[in-house]
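> Residue-level listing of the chains:
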Amino acid sequence: DSGVTQTPKHLITATGQRVTLRCSPRSGDLSVYWYQQSLDQGLQFLIQYYNGEERAKGNILERFSAQQFPDLHSELNLSSLELGDSALYFCASSSRLAGYNEQFFGPGTRLTVL
Amino acid sequence: GENVEQHPSTLSVQEGDSAVIKCTYSDSASNYFPWYKQELGKRPQLIIDIRSNVGEKKDQRIAVTLNKTAKHFSLHITETQPEDSAVYFCAAVSTGGGNKLTFGTGTQLKVEL
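In the order they appear, the protein sequences are chains Z and V. First residue of the first sequence: 1, per our numbering; consecutive thereafter. First residue of the second sequence: 115, per our numbering; consecutive thereafter.
For reference, chain V alone in the conformation it holds in the complex (with noise of 0.2 Å):
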């Protein structure tokens, strides 16, 4: 079955900076790569989503990026502000497995004023 790997685990930036997420998958057939925010206690919320028949998305600060042929995926976030701490898991779903969602281990961003 799909495997999904993320990194870092934490990372703190400060206010202004930006944070970069990568993640990689082990199944070549996933062909969508979502990426949620999930606040302390809180449900987990979709930010950014990208198919594999693109290579990059962009949506105001937030961005991912995606190399099939490497398969990593990863997540940007430009000129960070404090709501932006979240936890941030990136999935991947794999053709023929339904449309269940692999997570990843979860990335805990922390912006600091």
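Chain Z on its own, in the form it takes in the complex (with noise of 0.2 Å):
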């Protein structure tokens, strides 16, 4: 158990829908991070936040966004769904903005278009 939470494990859900999830980082770790992963693409980063504040941003949709809460806790939006957009989707968290610092990953949320 890496300390990092997602909600929920699965989803599945229709195109054009919109969906959340949900991510809770090891306690005191201050950077959050949205990772994708599907057949075709590999595991790819889509946004970092630290404290509140995005940091970092890869090749992340319109359609998707995130933010951080007060309480650390983040959430990833994807709105508009596509069939692509069936993936796994990963949180991962740090204690630092950037460095020599590990990435600890939660269990991921499965997504499933139909």
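Wrong hints could be hidden among the right ones.
[Stated by the list, open to error] Subject to a maximum C-alpha distance of 30 Å in a straight line, what follows is the list of computed DSS-like cross-link-like pairs (lysine-lysine):
#, chain 1, residue 1, chain 2, residue 2
1, Z, Lys9, V, Lys182
2, V, Lys172, Z, Lys9
3, V, Lys182, V, Lys172
4, Z, Lys57, V, Lys182
5, V, Lys136, Z, Lys57
6, V, Lys224, V, Lys172
7, V, Lys156, Z, Lys57
8, V, Lys185, V, Lys136
Hints listed in this document are in silico derivations from the structure and should not be mistaken for laboratory results.
Join these two chains into a complex; the hints should help.
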């Protein structure tokens, strides 16, 4: 158990819908990252938050957005869902903004768009 | 941005043999190189990492080497066991890019009895 929690574990929805994925980082970690893992794209970085502020952005679609709340939990919002958004979404956390610090991954949320 | 290439995509070895997975990176500003192991349907878990000021690091049966000049780094697993079967990902972290991980495409390692 990494100490990072994600809910829900599984999510099945239809095209065009909107969903929210939730992540709670390890106690004391200020950085939260979101990654998408799909068969054709591999593990891809989406976005990083540090202490409530967006700090780095990857190839995140405009239909996707995220935020980190004062209690440091984070939410990833996916809207106007398409079949290609079906993937495993991982949240990770680390103690610092940058540098040599390990990222601890949560168990992931498996999103299936039908 | 950073680009990480990983080879081979699949690797099959006999139990007790060694396994080597190789990665190259493109951004000379990358300074931290972790390796993650991912079992089917599970989270990626860090197994070893190396910083850019170190050429080699070892932890029991696993070791990582880094050649900054060539922008290569490799994972070595000795005395492989069936429980080593998993997908292994190399990654790179570049300075100035927050702390985002740029992953390689993964290597499916199968250790056969």
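> Straight-line Cα separation of Lys172 of chain V and Lys9 of chain Z no greater than 30 Å?
violated, 35 Å
> Would the hint linking Lys57 of chain Z and Lys182 of chain V be met if the CA-CA limit is 30 Å?
Within the cut-off at roughly 26 Å; holds.
> With a cut-off of 30 Å on the C-alpha distance, tell me whether Lys9 of chain Z and Lys182 of chain V pass.
violated, 39 Å
> Keeping to a limit of 30 Å between CA atoms, is the pair of Lys224 of chain V and Lys172 of chain V held or broken?
holds, 22 Å
> Given the hint that Lys136 of chain V pairs with Lys57 of chain Z, test it: the Cα-Cα distance must not exceed 30 Å.
holds, 27 Å
> Below or equal to 30 Å on CA atoms is what counts here, so check Lys182 of chain V against Lys172 of chain V.
Cα-Cα ~18 Å, so holds.
> Need the status of pair Lys185 of chain V, Lys136 of chain V: alpha-carbon distance at most 30 Å?
holds, 11 Å
> Quick one, are Lys156 of chain V and Lys57 of chain Z close enough, alpha carbons at most 30 Å?
Distance of about 25 Å is within 30 Å: holds.
Checked against the numbered hints given earlier, the structure breaks hints 1 and 2 and satisfies all the rest.
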